[in-house]
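*Asks:* This is what each chain is made of:
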Amino acid sequence: MKVLLQHRVDILLFILLFAGMSFALYMALIGAPTEKTMGDIQRIFYFHVPAAITGLTAFALNFVASLMYVFRKNRWWDSLALSSAEIGILFFCMLLITGPIWAKPVWFVWWTWSPRLTSSLVLCLLYAVYLLIRKSFEDPDRKAMVAAVFGIVAFADAPLVWFSIRWWRDIHPSPMLETGNLDPSMRPALYTCMAAFLVLFLYLLRRRFYLEIMRNKIERMIRRTDTIR
Amino acid sequence: MIQVRALSKHFGRFSALRNLDLSVSAGEFVSLFGRNGAGKTTLLRIIAGLSSPSAGKLNVQPLQSRSPGFVRGSIGYLSHETSLYMDLTALENLRFFAHMMDASAEESDLKQRMEQVGLAGREREPVRNFSRGMQQRLAIARAFLHDPEILLLDEPFTGLDPSGADFFKNFLAGLHAAGKTCIMTIHDTYLGYEIANRLVVIENGTVALDVPKSYLSYEQFREKLQRLSG
Amino acid sequence: MLFFGIVVLVIFNFSLGSLHDTIRPAVPGILWVAFAFSGTLGLNRLFAAEKENGCLQGLLMIPADRGAIYLGKMLASFFFMLIAEAVIFIIGLVLFNLTVWAEIPYLVLVFVIGTLGFTAVGTLLSAISVNTKLREVLLPLILFPVILPILINAVEATDIILNASDYGATNLPGTSSLPEGLKLPLTIMSSFTVIFGTISYLLFERVLEE
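Residue numbers (our numbering), protein chains in the order written: chain A, 1 to 229; chain B, 230 to 459; chain C, 460 to 669.
By construction, these hints were calculated from the structure, which means they are not laboratory data.
Keep in mind that a hint or two might mislead.
When the alpha-carbon atoms are kept at most 20 Å apart in a straight line, the in silico PhoX-like pairs for lysine-lysine are as follows [what the hints assert, rightly or not]:
(1) A:LYS143 / C:LYS642
(2) B:LYS442 / B:LYS453
(3) A:LYS143 / C:LYS510
(4) C:LYS592 / A:LYS135
(5) A:LYS217 / A:LYS104
Some residues of chain B that are not near chain A, with every Cβ distance over 10 Å (derived) [unchecked claim]:
(6) ARG242
(7) SER244
(8) ALA407
Virtual Cβ for every residue (Gly too), placed ideally from N, Cα, C.
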């Protein structure tokens with residue numbers, strides 16, 4: 001029964017996602033006005049920013065889940081931590097790909113060591129390392145605990161990285177890649193995309209999370225059947 | 230004094246301990262038997278506090294009310310590995326652990342302990358040069374530096390030559406007489422039977438047999454053990 | 460550890476050879492890369508002795524709080540790394556033809572705080588990596604992203620001290636108060652050390668237990 005219910009929620013989410021993302025695509029690519037200096041390439045912005053926000057949300061979720069695992073040692077939290085880390089990396093890859101694509105025609109460079117770009121790269125690396133650590137342990141409980149510890153370390157590190165790079169940039173100025181205020185006429189497109197990305201995030205998270213929960217269940221079942229020798 | 234209730238420990242898909250119950254009162258001397266992989270070492274590690282159970286309760290009373298650190302200080306644990314620093318001399322090893330375990334680190338005391346285990350005169354030799362049997366003797370000295378109330382010994386007779394085994398047997402008898410509690414894993418059926426006053430067999434992660442020694446003669450016990458371990 | 464650091468200095472000298480005398484701005488970066496690499500070597504071996512014979516078990520059985528093991532190991536790696544840094548720095552002075560006298564107290568401050576932060580989190584990560592299949596290979600991978608704030612700020616602080624004239628600074632030698640530019644990096648490094656020292660101390664036990 002529980003599985004059916006979850007399945008229903010997922011189907012609902014998927015429909016919502018399909019509709020929402022289609023609408024968002026329309027808004028971003030057609031509905032929103034063309035930016036006067038950059039032209040159509042600016043439209044990437046509507047996906048770039050939501051990707052950043054969802055990615056950060058995913059990592060924040062990983063932090064909370066890691067913290068909870070350290071205190072409760074319940075594998076449910078570990079599954080959540082793993083799922084959110086993977087999805088966070090996914091969105092950050094989106095970020096790191098859309099960024100340069102946008103930057104090249106506009107500022108003629110693929111990359112610059114601005115605070116946001118560099119911090120994003122470092123953050124992505126940190127969580128890639130999180131996954132690497134998980135791969136290095138066999139025992140699931142040990143893996144979960146060590147990963148949780150690193151998850152806490154990584155999230156605590158992020159703001160420090162941001163501040164350090166920010167300050168460094170002040171000393172060594174480099175081309176400004178940050179956008180300033182947003183024209184009100186562009187806001188609807190941004191909000192739609194933001195909402196669509198949120199639904200995408202929820203959908204992906206749920207699916208990935210339940211995959212892990214299933215894995216844990218199988219592990220428990222194998223353990224139980226093992227007693228019948 | 231040691232109470233284990235519904236203890237389970239698993240490593241992923243593998244269950245090392247399943248719903249294990251065991252109670253050991255103060256002054257009891259338990260010999261733990263069982264096949265390789267039956268869960269004896271895991272059980273000992275959990276009681277020692279080196280491993281945390283996946284489920285179930287562990288009570289080490291009456292020390293439970295104190296901090297885990299205090300409980301650890303009352304336990305002497307001897308494992309498969311000697312836990313000795315290879316590059317330090319025997320005396321340095323003992324001195325280090327004496328400091329760590331809050332025991333007397335006076336040179337005279339340490340020398341006496343080395344004498345006790347039959348290693349007199351070898352204080353300044355690096356442990357790397359010791360034979361396996363000598364390392365085991367030093368490990369024994371190390372485990373008992375702080376005169377613990379509870380002893381958890383994992384196959385302590387490994388590597389000991391007959392004189393070493395004799396010495397350790399007498400050593401344990403002395404501790405038993407002094408009222409210490411002990412749980413010892415052992416493979417030598419006769420030795421285990423001789424030393425203990427309670428016999429426990431672990432099979433498949435759970436207790437298969439748990440009797441005071443007086444219930445069974447040695448032959449009876451050995452027979453039962455054969456049948457259980459297959 | 461020492462040797463490796465010096466080798467790094469030499470390698471940099473050759474790879475940046477075209478800079479010749481203008482290498483001075485690059486020196487802080489080179490120094491800290493050398494420090495970081497040799498520090499990593501030291502951290503790699505931090506738990507090696509314990510791994511050999513299950514001595515870690517012996518340590519875990521002590522009556523005291525297990526966080527004390529962390530503190531002990533951290534202080535040990537801190538001292539060794541600091542000594543290595545001192546020697547590497549002196550050799551760096553020779554190799555790169557620098558003269559520093561009045562700057563020494565500030566440099567010491569930066570080195571000490573930087574190394575403290577490095578070892579604070581490095582000890583925890585070393586304990587993690589020593590128990591994995593990959594062992595030593597894992598440590599640099601997990602250490603460097605985390606240690607970035609320390610590296611960035613340490614390099615900048617060292618740069619401010621060594622190349623003060625580039626910043627139009629007149630406030631270095633002789634003054635008893637900290638030069639303006641140094642306040643921020645030192646604050647960040649100190650916060651890093653405090654935050655990660657605390658996190659590591661509290662979570663160290665979790666990483667070792669099974």
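*Asks:* Indicate, hint by hint, whether the structure satisfies it.
*Replies:* Results for each hint:
A threshold of 20 Å between alpha carbons decides the hint, and for A:LYS143 with C:LYS642 the separation of about 40 Å lies outside it, so the pair is violated. For the proposed pair B:LYS442 and B:LYS453, the alpha carbon gap of about 13 Å is at most 20 Å, so the pair holds. This hinted pair checks out: A:LYS143 and C:LYS510 have alpha carbons roughly 19 Å apart, not beyond 20 Å. Distance restraint check for C:LYS592 and A:LYS135: the Cα-Cα separation of roughly 9 Å lies within the 20 Å cut-off, and the hinted pair is therefore satisfied.
For a cut-off of 20 Å, the pair hint linking A:LYS217 to A:LYS104 is broken: about 48 Å separates their Cα positions. With a least beta-carbon separation of about 5 Å from chain A, B:ARG242 fails to lie farther than 10 Å from that chain, contradicting its non-interface assignment. The claim that B:SER244 lies off the interface is violated: its Cβ sits roughly 5 Å from the closest Cβ of chain A, which falls inside the 10 Å cut-off. Residue-level check passed: B:ALA407 sits 38 Å from the nearest beta carbon of chain A, beyond 10 Å.
Violation of the numbered hints given earlier is confined to hints 1, 5, 6, 7; the remaining hints are satisfied by the structure.
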